Structures are given as structure tokens and as C-alpha cells.
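Participant: What follows is each chain in one-letter form.
2 protein chains.
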Amino acid sequence: MGLVVQKYGGTSVRDAERVMNVARRITDTYKQGNNVVVAVSAQGDTTDDLIEKAKEINENASKREMDMLLATGEQISISLLAMAIEKLGFPVISLTGWQAGVVTDTRYSAARIKRIDTERIRSELDKKRIVIVAGFQGINKYDDITTLGRGGSDTSAVALAAALHADVCEIYTDVDGVYTADPRFCKNAYKLDDISYDEMLELASLGANVLHNRSVEMAKKYNVKLSVRSSLNNNEGTYVKEVEQVEKMLVRGVTRDNDCARIALCGVEDTPGKAFQVFQMLAKSGISVDLIIQSIGNGVQKDISFTVAEGDLEASLKLLEENQPVIKANEIKWSKDVSKVSIVGAGMVNNSGVAATMFEALSDAHINIKMIATSEIKISVLVDQKDAERAVVAIHDKFLLN
Amino acid sequence: MGLVVQKYGGTSVRDAERVMNVARRITDTYKQGNNVVVAVSAQGDTTDDLIEKAKEINENASKREMDMLLATGEQISISLLAMAIEKLGFPVISLTGWQAGVVTDTRYSAARIKRIDTERIRSELDKKRIVIVAGFQGINKYDDITTLGRGGSDTSAVALAAALHADVCEIYTDVDGVYTADPRFCKNAYKLDDISYDEMLELASLGANVLHNRSVEMAKKYNVKLSVRSSLNNNEGTYVKEVEQVEKMLVRGVTRDNDCARIALCGVEDTPGKAFQVFQMLAKSGISVDLIIQSIGNGVQKDISFTVAEGDLEASLKLLEENQPVIKANEIKWSKDVSKVSIVGAGMVNNSGVAATMFEALSDAHINIKMIATSEIKISVLVDQKDAERAVVAIHDKFLLN
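Chains as they are written, first to last, in my numbering: chain A, 1142 to 1543; chain B, 1142 to 1543.
Keep in mind that the hints are not guaranteed to be accurate.
Same chains, same names: a pair is fine if it fits in one copy or spans any two.
DSS-like mimics (lysine-lysine), calculated; alpha carbons at most 25 Å apart, straight line [stated by the list, open to error]:
| # | residue 1 | residue 2 |
| --- | --- | --- |
| 1 | Lys-1539 | Lys-1527 |
| 2 | Lys-1459 | Lys-1366 |
| 3 | Lys-1194 | Lys-1332 |
| 4 | Lys-1282 | Lys-1269 |
Since the hints were made in silico from the structure, they are not lab data. Source: prediction; values computed, not measured.
Build out the structure end to end from the sequences listed, making use of the hints.
Facilitator: This is the structure in C-alpha cells:
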């Protein structure tokens, strides 16, 4: 039939039983007459265990050696998965990142794929073998092993699909697909049949936890059709692709992201460029700022509030304290007990009533909005973390019920 | 000063503390002005754990995939050891087998090193880096990872020393060096300052458990000077080299090997070629036969006894039972409760009294000899396993005390 690239995450291969289960899925696809190339992550907690081992010895190990260490996680899973497929009686071969020709730049621990030399993979496919490739890893121009950082295995899979011109790239995970909201607490949430790359990008970056942004960006760039589905059942998943819709749905999904912290600089001198100074300082330290609000100054003082990822809070506060002589804030306040709730939909750009409807839903639920930010295809609000799930449900049911 | 190759086994790097200890030894050697190249084994039980993981999935996994899996064990230890050396503030780089240019033949799980392309290692040494190489593994002409089988890391170290023309190859293990007998039960045993390759070969194959034979053979072939020493203290070890002795010592060591089983074919037809048939049959199944005794036949029947490794006993018996129509033995007897006790020494070839003295020692200790075999530099006897340690002590004290 065609060429299918599949990706299985760490939970999908966490033990022998799961590995056998994945092997059966792969061989089912192969039996249908497809060429199959599979990218796999490290099993369950392997990567964390390896990081722990490293920390026991050296908290500040070089990234080059960390990559050498962490790459073993995927090498273990590809060989075990290949053994499982052998057991089922199918021809198979496992390939590490370098064997599969995954060439990256030289940024250890956060490498970018430059190209995939597909010669070896193609020759194995010509031999009718199922090809199992280690996700998350590649080789740089020094012949050193590199890893791709967060979301690396998804990126490996999409890069393989792009390089091999695969018909589809199936991302197997522990959820059924992309939902209109998190079904764990939003009982009316339902699965989307398809979603555009741009919408998926917003959902991914907003905490939908299904696909990593890098992989969606790459899929968009090379027009790789993605299918997000569960490795634990046979439900149809969600397709991520260039969706051509006659009438675009207003809102496609509602997300919640607890991984944010709010910082407020109160009583900052109201002079031009003050905000720029602050954000440039943070950017230089590699800290991404998300929502931003600046109060209207009175010519003397103003307040600047913004959010950062929770993991960046401490570093941000340290930086701001150190630069108090420049910033001259009366007070620096912060809180971790906030969540970002967002709606995403390509259709909302042409519909001015969306924001109002969202605020109405929150108002009806007596939820206070602390900050607001909008873009072409999303609207985000910051709320107290304790209200976040209720907020998602209220907004979801307002927009997406029926 | 020079170029030193060191090898550390799995117990020497089994946890973070041991890894740091090894790192200090390596940097001590480096601080003395040496170029240092280190071959490392997988930590402690890593290899066994990986084999266990494989067996859970597929008892008959292909050797190619087993090698892919097992090679991760050494990749983990080289990166951890490099991190430990980084922590001590020294320049270091870890290299997998393929990065280090270790090219093998295509026999997965039992590969032989064909050559080492030393370009990468030399360029790292030129940068004044300590080079940590994964032992036990290499790459074959298909760009596949291979492993060297038992004793692989010793072999890697010796091959590196030969290819780099190292001044010495230091094998660090958990014993101080090569002893005249096992000091755990032979209280008068003492450490040898040096020993010849040939003597070491006999001692290694007879259960001295210090160095694997393959590595000694390779060291002899390329005239690599070996130093066997402990990673846990600073005692001088034992040198294995071409020993030039004015007067060769009669006996250098006494060994005991419990890993043997005795099989007796009683009442076999006394026709020419019968023994040949039996041993050819075993050889074809990859079973090595060690000591052999054939009783003097009476023209009708004879007895053939021999020993095999304990792990081969079951397969041997099965094979013999199946071939009873050809062998026509009246009875096939076997026992695991036997040990092989041997004396080794390059000098004994010219001294006919050695065997007699050995038998006298055993007789004085009231130990019954079941089988005897001699070669140019060794004499082995088979005794009841319960008598083996007493036999070693008796022989040792007869030859080596003073």
C-alpha cells in the first residue's frame, strides 16, 4: 500500500507486555502491505533514571556526555522492540540515530535535525524489513551522539516521515487523539476528527500535552499528515493536517496550563522603554515571557505584570532583584497559584464576539480574570489555579456543546 | 612520559563511589604526564539485567539485536566515567566502540577485532584529552554494533594497547594480581611479580579468573606488556610479559576449576574409531571436551571417560543418548561433583619428577585421583569436588612453599 511512519512514546513501551502490544500493532500495519518505519522513545522512566545516575556523579556534567548517556535509553527500546517483532516472526532491524542517518547540528542536548540520509533505511525497506529507529537522537559532524531535547521522539518521527515521503505519520500516545478539552475533568469534551497545524500548534503550546510543538511545526513545513492515536485501543485518532473547511469552526478546543507563574512589578517608573529593559533582560537569560499586562501609567509610576513558566520563576525573581537599581520597582510580587486557560480556533479571527462570549462564561461561573491575551487564533486568560478546571468546563460547554 | 592503556571491569565501576575512585586513578596517571586511554566494562549487573529484559520478550532474540541491546551497558559506563573525570577538572571524552574505530568481523555476540582505526583516538590524545572507550564492543562492515563475547573488555584493552603501541596495558580487577593459588582458601599462596604469556594462558583457562584467554593470546601476539592489579589498592600487581629467566621456576601456580563434569561411557565396543566418533559428534555441537581417558580395551569392550564444562553436561548427555544406536555403550554415567586441579609452569617440561611429586602430595593428603592429563607446561588431575581445595593446598605447599 504505502509507507507508514509510526511513533511510540515511553509509556507505550514501558514493560515487556507493552512492548509486545506495540509489536503487534506494527506487524498488523506491515501485514496490510505497508512499508513500516517506527520511531521509539526510551522505556518509561529510563531517561529519568539515567539522569539520576549522572547527577550522583556530577551535577554539571557536560551536555556531550549527557547525550552519550541518554541515547542508551532509546537504544534499549529499539532492540527490545525488534526482538518482540522477531518473536512474532516478521523481518525487522533496529537502527540507532546515527545508523538511521539522522544528522543534527552540534547543539548537544537540544540538537536540531539538519537532514536524514535515508540510504540505510531505504535499503532495509527494500529487503522488506520493518525498520525500528531510535527516536530523540542523532549524530553531528564530529561523529558525536546528540539528543534532540524535549519532544525529540515526535520530531524524529516527523523528520523520518518527511525524508521518506511517508503517506502518514502516526503518533501513538496514551490518549485517543486531540480533544476539545481535557476529558479527565471536562465530561462533555469530545475528540476532534481533524485539526489544522496552526490550531494544533496553539493547543500543543497551551498544555494539551499530546504533541510537541517542534514536531507540529516540522509537519506543517513539510506537509506531513499526522495521526494522533492511542497505542492501547483501536479508536480512530485525530488527523493533524491542512484542513480545508467551508465554514471554520469558531472554537476547536479549550486548554488549561498550570505550568505558569505570575510576576508583578508594582510602582515602576513610568518612562518609555522601561518594559523593554525588563523583558530584554529576561530574554537574554533564556526566560520566555508569556502573557503581559502593563497598567496605564500616571506619568510617575506604572505596574507591569507577566507570566513565566513555573520552572523559570526562581531565576526570574533573582534576575529582577539583582537589577532593582535599574528597574526601581516599589515591590515585586509573584504567585504560582495561577493557571492559563485558553480557547483555540482558526475561525475566531473573523468573529469579534468570541472574547465577549468567553468572558461571559467565566462571569457566569463567578471566576475572576487576572490577565488577558489574544492572538489571531487564540484567547488566553489567567485565573486562580483553583478555578482553572471549572473555567475550562464553563467555556467548553458554552462554545463546544452540541 | 608514555602512553598507558587501562582497563576497568564491571565491579570496579559498579556504583557512583567506585566510578569516582576509578576517575581518580585515571587522573593520577594523567597527572604523571601520560597519555591515557581507558577501556571500561558495563557497571556491575547491568549486562545481566539487560539479558533478563531481553528474555522477558524473546528467549531466542537474534544476536544482532542482543548486541544492539548489550552495547548500551558500556555506553552508560563510559559516559558516567567521563562525567566523573570532568568533575575532577580534567579534559576527557568518551567514545563508543564504533567511535573509537574498533572494527570487528560480522560474528554478532562473539565478534573478533579485525583492526582499530586509531585516527579519532589519536586526535583526542593530541588535544590532551583522557580517552574513555567502551570495551566489549565494535562495529562491523554493515555499520552494525557487535559485541566481543566473554572477556571482551580485556580484549578491547589489549587491542587498543597494541594498535596505539602503548607502553603498558594495565588490567584493573578486584584482585591484586596473579597468585600462586587462590588465596581465599590457600593461606600460603603469594602474588607473582611476573609470569609469561604461556603460563598465564594456562592459568586463565584453568580457572584463575583474572584475565580472559583471548586477551592474553592477543597480548602475546602483539607483545603487549600487561599489568594485572587491583582497582581498590595501590599494591604492585603482576606483570604478564615475555619472561626471560635464567632458571625457570618449576611450578608457577596451582588452580582449581569446579566448572567441569565427568561423563563415562562404560562398555563401549572395542573397535578402532569409536572414540573418534564420540568426540566428533560432541565437537560438531560446539561442546569442548577436556580431560580424556580411555581404558585399555579387551578386544570386546572398553570404557571412555571425559570431562566437559558443567553448562554443556545436559546437552552432551542428550546427544549421547540420541546416538546410543551408534555408540552402543552398556551404561552412560556422569557426575558434577568433580574438580580439575592443575599445576602450571614453563619449567616443568624439562623435569620429569614434577608429576610424581604432585601425585605424592595428593597421596599424602589421601586424595584420590580420577583422571590425569599433562601438557608441556601443565599437569591436571580430576578429583572429587569436596577434596579440591585440600588438593590445591597440598600441592601448593609441596611446590611453592619456602
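Participant: Of the hints stated earlier, which fail here?
Facilitator: 2, 3
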